[in-house]
Structures are given as C-alpha cells and as structure tokens.
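**Student:** Now for the letters of each chain:
2 protein chains.
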Amino acid sequence: ATLSQPQYLLTLYFLVVAGLALLAGFARSVTTRSEVGSRFRPAVVARLTVTGVAFVSYLLLITTFLSSYTLTGDTYVPNGNAVMMFALRYTDWSVTVPLLTFELLAVCSVVGPALRRTQLIVGASSFAMIFSGFLGAIVIDEGQSQAQLLIWGGISGVFWIITNVLLIRCVRRSLPSLTTQAASWMRSATILMLSGWVVYPLVYLIQVFGDGGGWATTMQVSLCVADVLVKIGFGTLIHRVAKLRTAEDV
Amino acid sequence: ATLSQPQYLLTLYFLVVAGLALLAGFARSVTTRSEVGSRFRPAVVARLTVTGVAFVSYLLLITTFLSSYTLTGDTYVPNGNAVMMFALRYTDWSVTVPLLTFELLAVCSVVGPALRRTQLIVGASSFAMIFSGFLGAIVIDEGQSQAQLLIWGGISGVFWIITNVLLIRCVRRSLPSLTTQAASWMRSATILMLSGWVVYPLVYLIQVFGDGGGWATTMQVSLCVADVLVKIGFGTLIHRVAKLRTAEDV
Ligand SMILES: CC1=C(/C=C/C(C)=C/C=C/C(C)=C/C=O)C(C)(C)CCC1
Ligand SMILES: CC1=C(/C=C/C(C)=C/C=C/C(C)=C/C=O)C(C)(C)CCC1
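Same order as they appear, the protein sequences are chains A and B. Mapping of the first sequence onto this note's numbering: position 214 corresponds to residue 431, and the numbering continues sequentially without gaps. Mapping of the second sequence onto this note's numbering: position 190 corresponds to residue 407, and the numbering continues sequentially without gaps.
Pulled out of the complex, with its shape left as it was, chain A reads as follows (with noise of 0.2 Å):
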C-alpha cells in the first residue's frame, strides 16, 4: 500500500526501535548467561539464539524497508520489494517461535526422553502453525485470495491450538514442583507469551479485509511491538525462573 509520510516514518521509527531493543536483549542474554546452572542451559542457549536471530532478522526487515518504498511527491510508493516485508517476519518465526518453546520447556519439570519426544512435537506444530500461515499469506495465489487466506489461516489455527494445549498442559504439571516466587513468574511468562500469540492471528486477519497504509501501518507496528514483548519480557521471566531454580538446586 501506499504510505503517507507519517505512517512512513511511524512504521520505520517501530522497525529502528524493535532492532535496538532487541540487539540490546542479545547483549543482555550474552552477559547473564551464567547466572544459570547447567540444568537450565536450554533456557539460556534459546534466550541467545532468539535474540541473535530475532535482531539479524530486523536488520533484514529494515533494509528490506528502506529499499521497498520510493517518495513520489509526498507518499511513498511501494515496488514489487514490499512484499518481502511480511515474508521475512515468516522466516523470523520459523525459527524463533520453535526456539521460544523450547525456552518454555526447559524450564519445566519434565525431563530426559519425555522431554525431547515433547520438545519434537511442540517444536514441529508451533513451526506447522507458521509455515501454513506463510503459504496462506504469501505464495498460494500471492496470497490476493480471500479463500484461501482463511483456509490456510485456519490450517495454521489447528496447529496454534495443538502447541498452545501442549505447553499449557507442561506447565500445569510443572507448576506444583515450583516455589511460590519461581511458579508465579513462571504463570506470568506462560501468559505474556501466549497473550502475544494472540496478536499475531490477528494481525493475518487485517490482511484478509484490510487495505491501504493505515491498515499496513498498523499491522507493521503491531508486530514490532508484540516481538519486542514476547522475545524480551518472555525470555526476561523465563531467565529469572532458571535463576532461581539454579539457586534453589544447590
């Protein structure tokens, strides 16, 4: 769609900010790595990798941007480029929504095979539920058709409810085994995750009967905002639950 200046600007000023926060998340991850046992280095090692990936991805995104629009008199036009602007938050998540279950799980009390059977299946549905959501949204007919948006939307809702039913049901059964302060954080990261997880189905749903900049505008900004709260406050809660069941094994 074509922007006016200021959504232009807008939508740039969330992209820049997103980047930042998040390189500053990595920097943050790097440093208290080893305020966490051995036990709990999964958490630390998706707490990295989501950062790490999370913020090249932005640095893609906002290239991708500079070089997607062109001012013509007073709006922004975009070229055949714009699209990648959703396809690369696509391969944002393909990754980093598996590794933020695994961030999850590694806090909660199962453990050995049982865990890497759940972490196998968690890990495939919650990448299940973005890939069918990036065919609906971008190859299938260009994503231009309704029909299949809301087929392939649907495909993707399956696989949200799986890995939401799975992690809800790992936590419930960790919960018990937990301190009060440690199970309280840890309720609170459920929550914040699988709160953001709402945003995203909506945000694919503008796209089905919203058009122009207004709408393009929101949907980038929504997006970056929810990122920053998921990859950061999640991975900021998760990290203090590690700390504290590290503190507490000795």
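Where hints are given, some of them may not hold.
Said to hold, decoys possible - Label-pair distances were calculated between CB atoms; the ranges are:
| hint | chain 1 | residue 1 | chain 2 | residue 2 | range |
| --- | --- | --- | --- | --- | --- |
| 1 | B | G297 | A | V425 | 34 to 42 Å |
| 2 | A | I279 | B | D291 | 21 to 29 Å |
| 3 | B | V300 | A | I279 | 26 to 34 Å |
| 4 | B | T289 | A | V294 | 12 to 20 Å |
| 5 | B | L276 | A | T289 | 27 to 35 Å |
| 6 | A | R333 | B | R390 | 21 to 29 Å |
| 7 | A | V416 | B | D291 | 29 to 37 Å |
As the list claims (entries may be wrong) - On the chain A side, residues computed to face chain B include the following (Cβ under 8 Å):
| hint | residue |
| --- | --- |
| 8 | S274 |
| 9 | S311 |
| 10 | V356 |
Treat the hints as calculated values from the structure; they're not laboratory data. For clarity, every value in this text was computed on a predicted model and none was experimentally measured. Backbone N, C-alpha and C fix where the C-beta goes; we use that ideal spot for every residue, glycine too.
Mind docking chain B with the ligands on chain A? Use the hints.
**Tutor:** Chain B with the ligands in isolation, oriented as in the chain A frame:
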C-alpha cells in the same frame, strides 16, 4: 529458470530460514562448547566450524539470490549470476563435508595414528566426491552436457561409496565399546547423516532431466532442508554422544 512469484518467495523463505537456523546452531555451539571434555574437542571444533562456515555460505547464497533475478512483469527472470546459486553450494560442501566426517570420527573409538590415517582418507575422498560433482555440474561443458553430468556424477558416486563404507566401518567398530545410550545416539547420528547424503545426489540427478522454475525451486528447497537437518541435527546428536562419553570418562 524463470521463477513465478510464489516460487521466488518460497526459495527465498527457505534460504533465509536455513541461514537463521544455522546462525542459531552456531550460537548454540559456542555456548555449549565447554560441556565436552578435551578428548572430544575435535568434535566441538568441527561443530563450530560447520555451522559457522555454513552460515556465512548462506549469507552469500542469499545475497546472490537477491541479485540474480529481476522482476519483469510478474515473473522473476534470472541473469548470468543464477549459476552461482549452485556453484556456491559446492564451495560450502567442499569445506563442511570433510568437517562433518571429522565430527563423526571424533567420537569413534579409533585413536592415534589409525585415526589420523582414517581422517586423511575419509577427508580426501569426501572432498573428491564434492569436487567431481562440481566439475560435472558447473565446469565441464558448463554443466549442459547430459553425458558429462552422468560421467562426473558417477565418479563422485564412487567416492560417495568409499566414504560411506569407511565411515560405517568405523562406527560399527566403535559401537560395542559404548554404553547403550551413547551407542543409540551414535547410531541415530550416523543414520541421519548418511540419509541426508542420499538427498544431494538425487538433487544432482534433477539437473539431468528436470527443467523449469518448479524443479529449480524443488532443488533449492530440498538442499536447504537437508543442510539444516544434517548440519544441526547430526551436530546435536554427536554433541550428546561426546557429552555422555565425557561424563563416563571421569
Ligand atoms: C494462528 C495463526 C498464526 C499464528 C502466528 C503466531 C502465533 C506467531 C507468533 C510469533 C511470535 C511469537 C514471534 C516471536 O516473537 C499465523 C501464522 C499469523 C497465521 C494465521 C493463524
Ligand atoms: C554422490 C554425489 C554427490 C554427493 C553429494 C553429497 C553427499 C553432498 C553432501 C553434502 C552435505 C552433507 C552438506 C552439508 O550439509 C554430488 C556432489 C551431488 C554429485 C553427484 C553424486
């Protein structure tokens, strides 16, 4: 081949997802490098360098892809650069495939001069496998002659068999000296790597008969998936074996 927009975006999606996954795999190798004792350090080095080199290769592949096609009407038309999308994969493999064989050998029970001799032979024959594939696919008659493709594919296949036989022999000899759990992971790692190695010659064969954007997309997508499974999945399993054997050594 000319690509439709969905083909172009699907290829780009897999290239970027594979690149980001390899970046995450590299960060993970860095973070977990000290979980393994010094005796298995060569496995750590191999895992770090495989993921690091592959990530850099994917950066090159992505920038090459973006500069190899021009959007004309609603299709993407390749320019002279497009051949590099395959040439650059051979450069990646020439370095990473010998390293993958060292990664496997590092957790086998061969040691000392026998290990060094095996490394030399397996390393050289896996390199020769890739290099003769490169000659056939890219260099001799610019990869346009079916006969030359088959001849060099056959030469590469001979080295493929030699490498496979030597690796399987080493693994089989090592299994009895491992604990049940370590042996089971080692078996999975070998099966995962060698099944991955079946994908590459099949993709090479597509060149002989296949044509058009659909086949070009299939080739790039399969190679991205195989690369991630082999480089990250295999690396994870070998790391587990090395970690377990480190604990047992104490
Ligand atoms: C259900 C559903 C979707 C869910 C997306 C989600 C849940 C994305 C989460 C992304 C996160 C957490 C990113 C990291 O920060 C799609 C793919 C939009 C397609 C429409 C249906
Ligand atoms: C047998 C054969 C081949 C084998 C290639 C292999 C086995 C490549 C493995 C690559 C890996 C494992 C990359 C790293 O992820 C070629 C060269 C295609 C040429 C045709 C015959």
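**Student:** Each hint should be assessed against the structure and marked as holding or not.
**Tutor:** Verification of the hints:
The hinted window of 34 to 42 Å between B:G297 and A:V425 holds, with their beta carbons roughly 41 Å apart. Distance hint for A:I279 and B:D291: a CB-CB separation of about 26 Å, consistent with the stated range 21 to 29 Å. Under the hint 26 to 34 Å, the C-beta atoms of B:V300 and A:I279, about 30 Å apart, fit the expected range. Evaluation of the 12 to 20 Å hint for B:T289 and A:V294 yields a pass: the beta carbon distance comes to about 19 Å.
Between B:L276 and A:T289 the CB atoms are about 32 Å apart, so this pair conforms to the stated range of 27 to 35 Å. Remark: the range hint 21 to 29 Å for A:R333 to B:R390 is upheld by a beta-carbon distance near 27 Å. For the pair A:V416 and B:D291, the beta carbons lie near 32 Å from each other, so the given range of 29 to 37 Å is met. Among the interface hints, the one on A:S274 holds; its C-beta lies about 7 Å from the nearest C-beta in chain B, closer than the 8 Å criterion.
With its C-beta approaching chain B no nearer than about 5 Å, A:S311 sits inside the 8 Å limit, and its interface hint holds. Checking A:V356 against chain B: minimum C-beta separation of about 4 Å stays under 8 Å; hint holds.
Comparing the model with each earlier hint shows no violations; every hint is respected.
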